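**Q** Quick note, the sequences are listed as chains A and B, same order. If you read the first sequence in our numbering, its first letter stands for residue 1, the second for the next number, and so on. If you read the second sequence in our numbering, its first letter stands for residue 288, the second for the next number, and so on.
Since the hints were derived computationally from the structure, they do not count as laboratory data. Don't take every hint at face value.
Only some residues are given here: those of chain B computed to face chain A with a beta carbon under 10 Å [said to hold, decoys possible]: (1) 320; (2) 427; (3) 461; (4) 504; (5) 537.
Taking lysine-lysine pairs in the DSS-like style, the calculated list, with each CA pair at most 27 Å apart, reads [what the hints assert, rightly or not]: (6) 153(A) <-> 115(A); (7) 508(B) <-> 153(A); (8) 608(B) <-> 153(A).
Since the model is a prediction, treat every value here as computed from it, not as a measurement. Even for Gly, the Cβ is constructed at its ideal location relative to N, Cα and C.
Residues per chain are reported as follows:
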Amino acid sequence: MIPRAKNYYQLLSKITSMKIYFNLLLVAVSSTMLYASCKKDSHDPPSGELVPVTVEFDNIVGGQNLFLDAVNYTNAAGEQFNISLLQYYISNIRLGKTDGTVYTVPQDSSYFLIKENDPATRLAKIKVPAGDYNQLSFVVGVDSLRSTMDISKRTGVLDPSAGHDNGMYWGWNSGYIFFRMEGISPSAPLDPSGQRKFRYHIGGFGGYSAPTINNIKTVTLDLNASGIVQARSGRTANIHLMVDVLKVFNGPATLSIAANPTVMFSDYSVNIANNYAHIFYHDHTEN
Amino acid sequence: MNKRFLLFSAGFLLLISCGKEIMERFTGFQKPVNFPEPVYRFADNTITKEGFELGRKLFYDPRLSRNNTVSCGSCHIQSSSFTHHGHDVSHGIDDRLGSRNSPPIMNLAWMTSFFWDGGVFDLDLQPVSPITNHVEMDETIENVLNKLRQHPQYPGLFKKAFGSEEISTARMMKALSQFMLLCISSQSKYDSVTTNLGAVFTPEEQQGYALFREKCSGCHKEPLFTDHSFRNNGIAIGLNNDEGRYMVTLNEADKYKFKVPSLRNLEFTAPYMHDGRFITLDAVLDHYRNNVQHTPNLDPLLTDGILLTDEEKQQLIAFLKTLSDRNFLNNPLLAEQ
C-alpha cells in the first residue's frame with residue numbers, strides 16, 4: 001500500500017513539474033489511477049483508525065506578526081509596504097513516519113485555502129493513522145490533475161464561484177490562483193483607482209492543451225528539530241508552521257514593488273513562485 | 288433558387304407541424320451523421336430534457352449579470368447564429384465594451400477550447416468568464432447562485448434536472464452546457480449536398496466549393512469548418528495590441544494567433560475577425576487577396592496571401608453561403624421561451 005502511495009505521488013509531482021502537455025485521455029487515466037490509489041490509502045490505513053492532526057499556517061513578516069492594513073513593513077529592496085490581502089492554497093498533504101513510510105491524505109480531503117482575514121482557515125485539518133511523524137510535505141497551489149478535473153470535483157475551497165475581489169480562480173484562462181498577496185506601498189505607481197497598490201496573483205499549472213508556466217511548488221519540511229508529531233487517538237496534534245511572507249520579496253529573487261507592482265499570469269511570476277516556495281518553516285509541534 | 292425556396296418552405300412547414308411534437312419527444316444529443324465524434328465528456332453530464340430546459344432558462348436569464356440587465360442571450364442572439372450581430376466587440380453591462388467579437392454558440396460539443404485565445408478548455412468552465420468579466424456581466428457566480436436560490440422557480444427546476452433543490456456552481460454550469468451542447472448546426476445546404484439528402488450545388492457554388500477545398504480548407508477543415516488551431520492570419524496588429532493566444536501560453540510563437548473560427552452560418556455572423564474589424568465577407572476575402580501583413584508568427588499557409596480572381600471570389604462567397612442553416616437560426620427549442 002505504501003509504495004503505491006509513493007508512486008502516485010511521484011506521478012503527481014512528475015506531471016506537475018515537467019510542464020506536461022496533457023490530453024483528455026491522460027487526465028482521465030491518471031485521475032482514475034489517482035482515485036484508485038487514494039481510496040486504498042484512505043480506506044485501508046495500517047492501523048485502521050484515523051486520528052486528527054492540524055497544520056497551522058501562521059503568517060508573519062520577518063520578525064513581526066502580520067497585521068492586515070495596519071502595519072508597514074520594509075522589504076530588501078528598501079520599500080515600505082503594508083499587506084491588505086493574503087490568501088494561498090495548500091494541498092496534497094503528506095506525512096512521513098519515523099519508520100520511513102509515508103501517509104498521503106486522501107486527495108479529496110486535502111485542499112485548503114488559507115486566508116489571513118479569516119482566522120478559522122489558518123488550520124488545515126487532516127486525519128492520519130496514529131503514529132510518530134517527522135516529515136511534512138504539501139503543495140502550495142492546486143495540482144495540475146485537479147486543475148483539469150470536471151467541475152463537479154471542484155467543491156468547497158475549489159469552487160470557482162468567488163468574485164474578483166477575493167477570488168482565487170481565473171475564468172478567462174481556466175486555472176486557480178495559487179498565491180495572492182496585495183497591499184499598499186509608496187513605491188507602487190498610482191493605479192487607475194488612485195491607489196498605490198501592488199497585486200501579486202500567482203498561478204499557472206503547466207497548461208492543458210499547450211505547455212506554459214508551472215508555479216506549483218512542493219514544500220517538504222523536516223520536523224525532527226522542532227518536534228515530531230505524535231498522532232494519537234483522543235487528541236489533536238498541531239504542527240505549527242510560520243509563514244514568513246517577507247520572503248516573498250526577499251528570496252532567491254529580490255522582488256521590487258516599484259519594478260513589478262502587478263504580477264499575474266506572466267513570465268515574471270515564476271520568480272515570485274520560487275520565492276514563496278521558501279516562506280514556510282516549522283516552529284514547533286503541539287502534541 | 289427555386290429549389291432552395293422549396294427546401295426552406297419544406298423545412299419551415301416541418302418546424303411548424305412538428306414543433307409541439309419535438310418538444311414532447313426530446314431526443315437529447317444526436318451526432319449528425321457527417322460529423323466526427325464529439326470531444327465533450329458526456330459521461331460527466333448526461334443530457335436530459337429537464338437539464339436542457341433549465342440551461343435554456345439560465346442562458347436567457349439576465350439575473351446572471353450584476354444588475355440583471357444582461358443575459359448570455361444578449362450577446363449571443365439565435366438569429367445571428369448566437370453572435371452579437373453588428374457589434375465589432377461585445378457590448379456588455381452599463382454599455383461597457385469588450386475587446387473581442389462575440390463568437391457563435393454553435394457545435395460546441397466538438398470544440399477543444401473556448402474563446403479566441405482558447406483560454407478555457409472545458410465548456411463547463413466557460414460561463415465563469417463572461418459572468419465575472421467587468422465589461423460583460425460583472426457578477427460573481429456566488430451572487431448568481433444566491434439569486435437563483437431565492438427565485439420562486441429555480442429550486443424546483445434544479446430538482447427536476449438534478450434530483451434535489453441544491454443549486455451549486457457545478458449544477459448551474461452543467462445545465463448551461465446541456466443547452467449549449469444542443470445548439471447544433473448541421474442542416475445547411477452544404478450538409479444536405481454532402482450527405483446526399485437531395486440538395487444540389489449550383490454550378491457557381493460547386494466552383495466555389497472546389498476553390499474552398501484548394502485554398503481555405505487548410506485551416507477551415509470540413510465538416511466543422513475549423514481545425515481548432517490557433518493561427519495568425521495576417522490581419523494588422525490591433526490598435527490595442529491584442530496578443531491573442533500568447534496571453535494564455537506565454538509562448539512567443541503564439542503571439543498574435545487566434546482561434547480559427549468555424550465558417551458555418553457566416554452569412555449571419557458579421558462582423559468578422561477577433562475584433563470584428565471586417566464588416567463584409569468581401570472585405571475578408573480582399574484581406575486574404577491583397578493585404579496579408581507579415582507580422583510575427585504569420586501562418587505559413589498565408590505567406591503569399593490567397594490568390595483569387597474577382598469571379599472566383601464571388602464563387603467562393605456563393606459556396607460559403609451554402610453553410611447557412613436557417614433551421615438552426617429558427618429552431619424554437621433553442622429560443623427564449
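**Q** All hints are to be evaluated individually against the structure, with a verdict given for each.
**A** Hints versus structure:
| no. | hint | in the structure |
| --- | --- | --- |
| 1 | 320 | violated (24 Å) |
| 2 | 427 | holds (3 Å) |
| 3 | 461 | holds (7 Å) |
| 4 | 504 | violated (22 Å) |
| 5 | 537 | holds (5 Å) |
| 6 | 153(A) <-> 115(A) | holds (22 Å) |
| 7 | 508(B) <-> 153(A) | violated (34 Å) |
| 8 | 608(B) <-> 153(A) | violated (43 Å) |
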